[in-house]
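Protein chains in written order, with our numbering: chain Z, 376 to 483; chain X, 2 to 115.
Keep in mind the hints are simulated off the structure, nothing from the lab.
Idealized CB from N, CA, C, for every residue including glycine.
Among these hints, one or two may not hold up.
[Claimed, not checked] Think about it this way: if two alpha-carbon atoms lie no more than 27 Å apart in a straight line, the pair counts; the simulated DSS-like pairs of lysine-lysine are: (1) X:Lys4 - X:Lys58; (2) X:Lys56 - X:Lys14; (3) X:Lys58 - Z:Lys456; (4) X:Lys71 - X:Lys56; (5) X:Lys4 - Z:Lys432; (6) X:Lys19 - X:Lys56.
[What the hints assert, rightly or not] So these bits of chain Z aren't anywhere near chain X, every CB distance computed over 12 Å: (7) Val393; (8) Glu416; (9) Lys451; (10) Lys470.
[Claimed, not checked] Under 8 Å between C-beta atoms, here's a sample of chain Z residues computed to sit facing chain X: (11) Pro418; (12) Phe420; (13) Tyr423; (14) Phe469; (15) Phe473.
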Amino acid sequence: GQNIDQPTEMTATEGAIVQINCTYQTSGFNGLFWYQQHAGEAPTFLSYNVLDGLEEKGRFSSFLSRSKGYSYLLLKELQMKDSASYLCATTGGFKTIFGAGTRLFVKA
Amino acid sequence: DVKVTQSSRYLVKRTGEKVFLECVQDMDHENMFWYRQDPGLGLRLIYFSYDVKMKEKGDIPEGYSVSREKKERFSLILESASTNQTSMYLCASSFDGGHNSPLHFGNGTRLTVT
Numbered sequence: 376g377q378n379i380d381q382p383t384e385m386t387a388t389e390g391a392i393v394q395i396n397c398t399y400q401t402s403g404f405n406g407l408f409w410y411q412q413h414a415g416e417a418p419t420f421l422s423y424n425v426l427d428g429l430e431e432k433g434r435f436s437s438f439l440s441r442s443k444g445y446s447y448l449l450l451k452e453l454q455m456k457d458s459a460s461y462l463c464a465t466t467g468g469f470k471t472i473f474g475a476g477t478r479l480f481v482k483a
Numbered sequence: 002d003v004k005v006t007q008s009s010r011y012l013v014k015r016t017g018e019k020v021f022l023e024c025v026q027d028m029d030h031e032n033m034f035w036y037r038q039d040p041g042l043g044l045r046l047i048y049f050s051y052d053v054k055m056k057e058k059g060d061i062p063e064g065y066s067v068s069r070e071k072k073e074r075f076s077l078i079l080e081s082a083s084t085n086q087t088s089m090y091l092c093a094s095s096f097d098g099g100h101n102s103p104l105h106f107g108n109g110t111r112l113t114v115t
């Protein structure tokens with residue numbers, strides 16, 4: 376079967392660092408994406424991991440361990456505008472399967 | 002920038018009506034997808050297409066069909082709308098089926114079936 380788990384909600388303080396975890400069990404795994412979705416808007420691409428290790432992109436980094444079926448998204452120097460849902464998604468074949476998303480609340 | 006356009010932002014339909022949701026992308030992408038998004042369930046794949054006139058069932062195809070007569074356009078059809086199809090519908094496209102290329106989403110159509 377296919378299963379992607381991530382926490383439902385997280386709260387963090389402006390300026391802090393937050394790590395959003397994602398575990399997955401999917402068939403035909405090709406790679407792992409993270410998307411950001413602000414309320415009422417479409418998801419937008421943040422990062423992609425296909426090999427084990429850390430990918431850094433500005434304030435955002437994403438990590439993948441294929442053997443453990445585990446990824447995390449790391450957000451540094453949190454800003455209020457980072458309040459959004461973060462979607463973990465795996466690809467296999469032509470399909471992209473999403474987790475339910477983690478709602479991140481950034482407080483002042 | 003890739004643009005994925007969904008024809009309606011909000012739709013209200015009655016139970017039993019036939020509903021068409023239209024999606025157009027302007028980047029010559031091979032692959033197009035229809036998802037629905039519900040609270041607590043995330044995005045679930047309804048149908049996808051990797052070429053003109055080709056279609057594949059996703060995880061929840063029941064009650065839906067699709068049409069892809071032209072490369073840029075992918076339509077989702079609800080043959081007989083039911084209240085459990087009230088949802089946010091998101092269309093997406095990608096260059097290579099999401100293997101390495103991200104999905105580009107439209108702004109969504111919020112469908113209410115009464």
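Practice prompt. Hint by hint, work out which the structure violates, then give me just those numbers in ascending order.
Written response: Checked against the structure, the hints that fail are numbers 3, 8, 10, while the rest are satisfied.
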